[in-house]
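Enquirer: I would like the entire structure built from these sequences, with the hints used as guidance.
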Amino acid sequence: MELAFYASALVALLASLGVVTGTNPVHALLYLIVSLISVALTFFALGAPFAGALQVIVYAGAIMVLFVFVVMMLNLGRDASAQERAWLKPRTWAGPSVMAAVLLLVLLAALVRGDVTQVIGGGGTIEAKEVGGLLFGPWLLVVELAAMLLLAALVTASHLGREAETDRAPGGES
Amino acid sequence: MNGIPMEHGLMVAAALFAIGLAGLMFRRNLMFVLMSLEIMLNAAGLAFIVGSTAWAEPDGQVMYLMVITLAAAEASVALALVLQIYRRFKSLDVDVVSQLRG
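In order, the protein sequence lines correspond to chains A and B.
Its first residue numbered 27, the first sequence is counted upward by one per residue in our numbering.
Its first residue numbered 6, the second sequence is counted upward by one per residue in our numbering.
Warning: the hint list may mix true and false statements.
[To be verified] Okay, the calculated bits of chain B under chain A, using three or more residues with CB under 8 Å as the criterion:
| id | stretch |
| --- | --- |
| 1 | 14-25 |
| 2 | 76-87 |
[To be verified] Below, computed lysine to any residue pairings styled on SDA-like, alpha-carbon distance capped at 20 Å:
| id | chain 1 | residue 1 | chain 2 | residue 2 |
| --- | --- | --- | --- | --- |
| 3 | B | Lys95 | A | Val169 |
| 4 | B | Lys95 | A | Trp113 |
| 5 | A | Lys115 | B | Asp64 |
| 6 | B | Lys95 | A | Ser123 |
| 7 | B | Lys95 | A | Gly187 |
| 8 | A | Lys155 | A | Ile83 |
| 9 | B | Lys95 | A | Phe70 |
| 10 | B | Lys95 | A | Ala112 |
| 11 | B | Lys95 | A | Asn101 |
| 12 | B | Lys95 | A | Val52 |
| 13 | A | Lys155 | B | Val38 |
| 14 | B | Lys95 | A | Asn50 |
| 15 | B | Lys95 | A | Ile83 |
| 16 | B | Lys95 | A | Lys115 |
| 17 | B | Lys95 | A | Leu102 |
| 18 | B | Lys95 | A | Ala106 |
| 19 | A | Lys155 | A | Phe70 |
| 20 | B | Lys95 | A | Phe95 |
| 21 | A | Lys155 | B | Ala61 |
| 22 | A | Lys155 | A | Val138 |
| 23 | A | Lys155 | B | Asp100 |
| 24 | A | Lys115 | B | Glu62 |
| 25 | B | Lys95 | A | Met99 |
| 26 | B | Lys95 | A | Asp105 |
| 27 | A | Lys115 | B | Val101 |
| 28 | B | Lys95 | A | Arg111 |
| 29 | A | Lys115 | B | Leu29 |
| 30 | B | Lys95 | A | Lys155 |
| 31 | B | Lys95 | A | Gln109 |
| 32 | B | Lys95 | A | Leu186 |
| 33 | A | Lys115 | B | Ala61 |
| 34 | A | Lys155 | B | Arg33 |
| 35 | B | Lys95 | A | Ala108 |
| 36 | A | Lys115 | B | Val38 |
[Unchecked claim] Some, not all, of what chain B presents toward chain A, calculated at C-beta under 10 Å:
| id | residue |
| --- | --- |
| 37 | Gly28 |
| 38 | Leu29 |
| 39 | Met30 |
| 40 | Glu43 |
Rather than coming from a laboratory, the hints here were simulated on the basis of the structure.
Note that this is a predicted model, so its numbers are computed, not measured.
The C-beta atom is built at its ideal place from N, Cα and C for all residues, glycine as well.
Expert: In structure tokens, the structure reads:
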């Protein structure tokens, strides 16, 4: 279990680095899928199989399919790759990377010097039954709010995503 | 080895978050910016799951469900916007779309 956790965490970190430093959009997308699936594996190793299954189905399945379709519709080819390579100069990425590294150092120092003593493992897994009992018990209002959020996102996406045929009409903003 | 210390899980989440943040700042292509955002949201979800399993409480998984709901809503709206931006400007450069007038 420990080995699975550390190995999949390493894969997740490397794949995420591949995403942010990649130049080809399709390759970066595939790295992102690998990263999401290895985070799902860390969930399984930590003892949260319901969350891991959801990560695979919703994140790596549904959301990534959206990304793949959009990349296919945009038709990003070799030109986009060359453009990315031209933009990725050390002058561009050095400053933000240093800032993110300082933030990471502060976070890691806070974690190392903090008094976190919990150890994960041996406590059994958290099954879907317990999560479902909580979701439709004390957290019911949050579930309804999430449903409304998803409905709003659906309406927005279908409004924004249609072909803009009224673009040229005076005042007809799509 | 018996058990994973909670700090290690949180360290992985922090490292994923920092990688996503760096990508968010230095990429100029909107698709890559969105992918970095997904990495950051995923890191937040990982932190919730680590807390949930460390204390053996299922509440953290409920919050993780909210995080992926938010990620799905954000991804669908943002990708629709990306499609519209590409139709109008024929480019995904964030600097091209930095002015309000289209």
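Enquirer: Are the hints correct? Go through all of them and say.
Expert: These are the hints, each one checked on the structure:
Counting residues of the stretch 14-25 of chain B whose beta carbon lies closer than 8 Å to any beta carbon of chain A gives 11, which reaches the threshold of three, so the coverage claim holds. Check result for the stretch 76-87 of chain B against chain A: holds, 11 residues qualifying (beta carbon to beta carbon below 8 Å, three or more required). With a C-alpha separation of about 39 Å, the suggested pair B:Lys95 and A:Val169 falls outside the 20 Å cut-off, and the hint is violated. Pair hint B:Lys95 plus A:Trp113 holds up; C-alpha atoms about 17 Å apart against a cutoff of 20 Å.
With a CA separation close to 44 Å, the supplied pair A:Lys115 and B:Asp64 exceeds the 20 Å bound. For the given pair, B:Lys95 sits about 29 Å from A:Ser123 by alpha-carbon distance, which is inconsistent with the 20 Å threshold. For the proposed pair B:Lys95 and A:Gly187, the alpha carbon gap of about 16 Å is at most 20 Å, so the pair holds. Distance restraint check for A:Lys155 and A:Ile83: the Cα-Cα separation of roughly 18 Å lies within the 20 Å cut-off, and the hinted pair is therefore satisfied.
Between B:Lys95 and A:Phe70, the direct Cα distance comes to roughly 42 Å. Violation of the 20 Å bound is thereby established for this hinted pair. Proposed proximity of B:Lys95 and A:Ala112 is supported: the alpha carbons are some 18 Å apart, at most 20 Å. For the hint linking B:Lys95 to A:Asn101, the alpha-carbon distance of about 11 Å falls within 20 Å, and the restraint holds. Proximity of B:Lys95 to A:Val52 is assessed by CA-CA distance (about 19 Å); at most 20 Å being required, the pair is judged to hold.
Our distance criterion of 20 Å between C-alpha atoms is broken by A:Lys155 and B:Val38, whose separation comes to about 36 Å. Restraint check: the Cα-Cα separation between B:Lys95 and A:Asn50 comes to about 18 Å, which is no more than 20 Å; the hinted pair holds. At roughly 33 Å between alpha-carbon atoms, B:Lys95 and A:Ile83 are farther apart than 20 Å, so this suggested pair is violated. Straight-line distance between C-alpha atoms of B:Lys95 and A:Lys115 comes to about 23 Å, which puts the hinted pair past the 20 Å bound.
At most 20 Å may separate the alpha-carbon atoms for a hinted pair to count; B:Lys95 and A:Leu102 meet this at roughly 11 Å. With a C-alpha separation of about 12 Å, the suggested pairing of B:Lys95 with A:Ala106 holds against the 20 Å cut-off. Taking the CA atoms of A:Lys155 and A:Phe70, the gap is near 16 Å; set against the 20 Å cutoff, the hint holds. Of the supplied pair hints, the one linking B:Lys95 and A:Phe95 holds, its CA atoms being roughly 18 Å apart against a limit of 20 Å.
At most 20 Å may separate the alpha-carbon atoms for a hinted pair to count; A:Lys155 and B:Ala61 meet this at roughly 14 Å. Straight-line distance between C-alpha atoms of A:Lys155 and A:Val138 comes to about 34 Å, which puts the hinted pair past the 20 Å bound. For the given pair, A:Lys155 sits about 48 Å from B:Asp100 by alpha-carbon distance, which is inconsistent with the 20 Å threshold. Distance check on the hinted pair: A:Lys115 and B:Glu62 sit about 46 Å apart at the alpha-carbon level, beyond 20 Å; violated.
Taking the CA atoms of B:Lys95 and A:Met99, the gap is near 13 Å; set against the 20 Å cutoff, the hint holds. With a CA separation close to 13 Å, the supplied pair B:Lys95 and A:Asp105 stays within the 20 Å bound. With a C-alpha separation of about 19 Å, the suggested pairing of A:Lys115 with B:Val101 holds against the 20 Å cut-off. Only pairs whose Cα atoms come within 20 Å are accepted, and B:Lys95 paired with A:Arg111 is accepted, the gap being roughly 19 Å.
For the hint linking A:Lys115 to B:Leu29, the alpha-carbon distance of about 15 Å falls within 20 Å, and the restraint holds. Between B:Lys95 and A:Lys155 the alpha-carbon distance is near 49 Å, which puts this suggested pair outside the 20 Å criterion. Among the hinted pairs, B:Lys95 with A:Gln109 is consistent with the structure: their alpha-carbon atoms are about 14 Å apart, no more than 20 Å. Taking the CA atoms of B:Lys95 and A:Leu186, the gap is about 16 Å. The hint holds against a cut of 20 Å.
Of the pairs offered as hints, the one joining A:Lys115 and B:Ala61 is violated, with about 46 Å between alpha carbons and a cut-off of 20 Å exceeded. Among the hinted pairs, A:Lys155 with B:Arg33 is inconsistent with the structure: their alpha-carbon atoms are about 43 Å apart, more than 20 Å. For the hint linking B:Lys95 to A:Ala108, the alpha-carbon distance of about 16 Å falls within 20 Å, and the restraint holds. Annotation: proposed proximity of A:Lys115 to B:Val38 holds, straight-line Cα distance about 17 Å (limit 20 Å).
Using the Cβ-Cβ criterion of 10 Å, the hint placing B:Gly28 at the interface with chain A is satisfied: the shortest such distance is roughly 3 Å. Restraint check, B:Leu29 versus chain A: the minimum CB separation of about 8 Å is within 10 Å; hint holds. Below 10 Å, beta-carbon pairs count as interface contacts, and B:Met30 has one with chain A at about 3 Å; its hint therefore holds. Because the beta carbon of B:Glu43 sits about 7 Å from the nearest beta carbon in chain A, less than 10 Å, this interface hint is met.
In summary, the structure is inconsistent with hints 3, 5, 6, 9, 13, 15, 16, 22, 23, 24, 30, 33 and 34 from the numbered list given earlier, while agreeing with the others.
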